[in-house]
Amino acid sequence: QVHLVESGGGVVQPGGSLRLSCVASGFNFAQYGFHWVRQAPGKGLESVTFIFADRNEQKYVDSVRGRFTISRDNSKNTVYLQMNSLRPEDTAVYYCAQDYDYTTESWGQGTLLTVSS
Amino acid sequence: DVVMTQSPLSLPVTLGQPASISCRSSESLVHRGGNTHLTWFQQRPGQSPRRLIYKVSNRDSGVPDRFSGSGSGTDFTLKISRVEAEDVGVYYCMQGTHWPWTFGQGTKVE
Numbered sequence: 140q141v142h143l144v145e146s147g148g149g150v151v152q153p154g155g156s157l158r159l160s161c162v163a164s165g166f167n168f169a170q171y172g173f174h175w176v177r178q179a180p181g182k183g184l185e186s187v188t189f190i191f192a193d194r195n196e197q198k199y200v201d202s203v204r205g206r207f208t209i210s211r212d213n214s215k216n217t218v219y220l221q222m223n224s225l226r227p228e229d230t231a232v233y234y235c236a237q238d239y240d241y242t243t244e245s246w247g248q249g250t251l252l253t254v255s256s
Numbered sequence: 208d209v210v211m212t213q214s215p216l217s218l219p220v221t222l223g224q225p226a227s228i229s230c231r232s233s234e235s236l237v238h239r240g241g242n243t244h245l246t247w248f249q250q251r252p253g254q255s256p257r258r259l260i261y262k263v264s265n266r267d268s269g270v271p272d273r274f275s276g277s278g279s280g281t282d283f284t285l286k287i288s289r290v291e292a293e294d295v296g297v298y299y300c301m302q303g304t305h306w307p308w309t310f311g312q313g314t315k316v317e
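Heads up: the protein sequence lines correspond to chains A and B, in order.
Numbered according to my numbering, the first sequence terminates at residue 256, and the numbering increases by one at each position without gaps.
Numbered according to my numbering, the second sequence terminates at residue 317, and the numbering increases by one at each position without gaps.
Derived from the structure by calculation, the hints contain no laboratory data.
One or more hints might be untrue.
Okay, derived cross-link-like pairs now, EDC-like style, lysine to aspartate or glutamate, Cα gap no bigger than 20 Å in a straight line [said to hold, decoys possible]: (1) A/Lys215 <-> A/Glu228; (2) B/Lys315 <-> A/Glu185; (3) B/Lys262 <-> A/Asp240; (4) A/Lys182 <-> B/Glu317; (5) B/Lys262 <-> B/Glu293; (6) A/Lys182 <-> B/Glu291; (7) A/Lys198 <-> B/Asp208; (8) B/Lys262 <-> A/Asp238; (9) B/Lys262 <-> A/Glu244.
Start from the sequences, fold in the hints, and give me the full structure.
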């Protein structure tokens, strides 16, 4: 059974940095790509970045490119999201999502990032 | 990016009655591999999303059979045959065919 646990959220001032982690279990971690999807308070869902399973390649949406970096450590079954130059509009619950056949089967509980002075 | 447009955004329902949500994409969701990667999620208040339907019409294990998905190309529908109290929440369609994944605005069923 797919199990994802996000952590690392908190309150950060504008311009600050934070690293989120997502620990996965219940499947062969190295075989899957992962997305980070965020949800601003009271708003909808937005996928912001993706990392491939089998090659060192990542994708980013324009709003986070150059500020966010997704990475993975297959030995720890963990996906990371390094977030720099944070803005108030980055405030959201951040979920990691396993990419299984162009969809995701399970969601973690998410971790809340608040960017505020 | 592919734009996903849901309607209605708010859906008052009557218990025991049917309900239907429409989702339209700005581009075809047919993947080069032949599948159409359209997913429906349910998000109950205070909870993470839960997948209901994948590849247009495939119901996830444990999802009641009153939920069904249909459609093709750019037009898709989620139907609830008889709404129950536990179905209250926000429903999102999502396309996974094109990067980035994009979601509809959400339909609040209340």
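Exercise. Any hints this thing doesn't respect? Which numbers, in order?
Worked result: 1, 5, 6
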